[in-house]
Amino acid sequence: MDHFEQIKAEGIEAYLKAHEHKELLRFITCGSVDDGKSTLIGRLLYESKLIYEDQLAALEADSARMGTQGGRLDLALLVDGLAAEREQGITIDVAYRYFSTKARKFIVADTPGHEQYTRNMVTGASTADAAIILLDARKGILTQTRRHTYICSLLGIQHLVLAVNKMDLVDYSEEVFLKAQADYRELAASLGNSQVTCIPVSALEGDNVTKPSDKLSWYQGRTLLGELETLKIGELDSKRTFRMPVQWVNRPSSDFRGFSGYISRGSVGIGDKLAVLPAGTTSSVKSILGPDGDLKTAVAGQSVTICLNDEVDASRGDILADAADEPKVADQFRATIVWMHEEPMLPGREYVLKIGAKSTAVSIAEPRHKVNVNTFEELPARTLELNDIGVCNINLDQPIAFDAYKENRQTGGFIIIDRLTNDTVGAGMLDFALWRSENVQWQSLDVNKPARARAKGQKPCVVWFTGLSGSGKSTIANVLETKLHAAGRHTYLLDGDNVRHGLNKDLGFTDADRVENIRRVSEVAKLMTDAGLIVLVSFISPFRSEREMAREALDTQEFIEVYVDTPIAETERRDVKGLYAKARAGEIKNFTGIDSPYEAPLSPDVHVKTMECTVEDAADQIMAELKSRGRLDARGS
Amino acid sequence: MSLTHLERLEAESIRIIREVAAECENPVMLYSIGKDSAVMLHLALKAFAPGKLPFPLLHVDTTWKFREMIAFRDNLAKEHGFDLIVHTNQEGVAQGVNPFSHGSAVHTDIMKTQALKQALNKGQYDAAFGGARRDEEKSRAKERVFSFRSAQHRWDPKRQRPELWSTFNTRTNKGESLRVFPLSDWTELDIWQYIHLKGIPVVPLYLAKERPVVERDGVLIMVDDDRMPLEPGETPMMKSVRFRTLGCYPLTGAVESEATTLTQVIEEMLLTVNSEREGRIIDFDSAASMEKKKQEGYF
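Those protein sequence lines, which keep their order, are chains A and B.
Counted from 1, the first sequence has number 453 at position 453 by full-length UniProt numbering; the numbering is strictly sequential.
Counted from 1, the second sequence has number 124 at position 124 by full-length UniProt numbering; the numbering is strictly sequential.
A hint or two may mislead.
As the list claims (entries may be wrong) - With a straight-line Cα cutoff of 25 Å, these simulated PhoX-like cross-link-like pairs (lysine-lysine) come out:
| no. | chain 1 | residue 1 | chain 2 | residue 2 |
| --- | --- | --- | --- | --- |
| 1 | A | K296 | B | K52 |
| 2 | A | K17 | B | K198 |
| 3 | A | K232 | A | K102 |
| 4 | B | K198 | A | K22 |
Treat the hints as calculated values from the structure; they're not laboratory data.
Sequences are here, hints too, so could you generate the full structure?
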């Protein structure tokens, strides 16, 4: 442990050789300031001789100035970094510390135990292989102990080590330790953690931290450091099936095309059959380029570049996986979400979700429940606020390949980013898929849109009429439908007034309701074109953005926007339904053209000027457009 | 097959470097010529092999670097055909700013911090790699791997984005940028071990050699050129010295040493009693000085 002695005994070459074979362990320390957490970490650094003399001099000066340990060295001051916190005497964020022994290099995530900083603990826990949970021997299990244990379990930390600290203040009592151990085992078991080790220590006095203590002679187990040096690092289990998110496509020349990424699970060898997800194409491994050249095999925890034997298409965000055990593909999930921002989560708002190397739009439904991290109770919730943990359904705008978080942290854990501020506002863990999109895609292959169109002997499309109330939309649509029907076409006319009696009878005339009105109608129109029909839509549809949305849902040739252009003076003069009069009298609110805007199309596919033509002319004008687009050809598209 | 700590550090750094190249529009790698930069550059080359580096290198030259550093830099760039951008704060040069008459704080601010901001603004980079390590200094321990900077390049320790797993948020709005530290989890010992293991070339100043030095306030300063004003009665002495960190020669303390090979340097480092930054005069100016500098835009 002491490298001075090691180097003297073995010589530098042997020392370096030995240290090349060290393993790496990441752990998190959980506990509050009062539990002596900073003192414990300070002690680990101090006793592994990684404190230099100038740092020690600074520490002595700081200890004297702060006066926290009455003349003795305050090891906690080694750990507390930023000026603001040093004045307050608390740590406020996640700090990372490093020390090493002959066996291992350690990366310590140090996070505060205050309730408002659940965010920080979740962050520190996300990369940890092990957790040290500190307990004040005098106080036993506290609310915060439950909270820390819950978060460590949630984030999938394999090894929990309970350090029963301040044993010096309970006269090194075995009884106190055994009680704490029994209570803690019960708590951990209730959260499904069976791998728990309990160790009595005094960080302040240095008992059983790196060296066994005479005062704890009744204790036969390992020291805290001994435990950290020997516990098994399980996360990089290379026995599980292979997963590698594609981070970068490396194409320096036409004769090299490799997929670069960090292997998140399992191992891969030349000749292995791999699948590219979500597409599902397969190939086999031609070569593996590691940091020092070509490799025959590679394992989890390595960054490599893989070349395949076939020209399969794979891009950043895809996952290379063992073809015999592919990850599932889905776009709707049950997830556990930790909210990390002062602005609460807004159900329904679109955020960016980043998982592995993939970013996609996501909307989060109202939480099913949130969890009280102290009691583990499930509470009803409408939203998630800073430091809340809740279970929600989420909906992505495209299917992704995934493993549940408990199967693979890398392909099951995600962050949530605000689209405007770009802040990381939350993080989550995929629990399971609600719906497997690959099944539906597979079903739709048998009878699809072209097949149904062929059966009808026509090319489906949407003729979208827009214009003011009373401009003549429905009249023209009626005549057009009669003509199409006479020509043997299967049509359907969706009329604004009629739909508002049924499908949309819950909607009013506010801007928000108008948007929803058109959204629903465009979805129905899309389903009908999918069914093979020629759909006529006659709606005022006053906003450009919603008409664009309807257009974008279809192929370019399938959407024909017809602007029925009648000046408002004329529509008001005609006032077929007497609505303008009522609007002018204030009896109807939000009436298009009066107190609600109408955004005329900028470049409609057909522009019908009703002041200059008859209804018949208008219908023929549209028929001509349909013909020129080939929509009336007697065969499916 | 279990990976060693250096293999894991290497893989994680490569992942970080690739992520920036994949997601940022216009990244740049700060190359300071020192040992950390040497490792970072080595890892970047591995990340994109057999392809070339997909971003340029940027060196902020204060005009007071050791001559051997500049020679090393130019050789390396030529040998590999790197796209190397060298930026110097010309206003500072015109004003004659130097570490002797202006002091280390003013010199560092104008020729380093301000120069860096100028270079980043000029190139409109949305991400800049730096070779800083968290073990270097206390305030660095809380630094993120992807450190977010405002359009004014300011670092707000309270407004850093949480970093979970290795899923990094690389998004910025126009004018904002990221400082990215792929070596965050490496320690000084890791760096030297890796250089030793992989045979990475470093500036010879890291190895002991007879060099002309003067002693000022207990610090050995190398007289690298005749711009250094000697005080009355001061004459440079030849001493076997090496440097633990490299920067502006008037601000970099040498250590007396006989270590002429890399292994000897590592041995000395392991047996030494003073920390690496001790040789950096800029850190002496005030307590928590690094934190202040970082808030103002220093790397």
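Structure-based check of all given hints:
1. K296(A) to K52(B): 24 Å, holds
2. K17(A) to K198(B): Roughly 13 Å separates the two Cα atoms, so the pair holds.
3. K232(A) to K102(A): 16 Å, holds
4. K198(B) to K22(A): 17 Å, holds
Going through the hint list in order, the structure satisfies each hint without exception.
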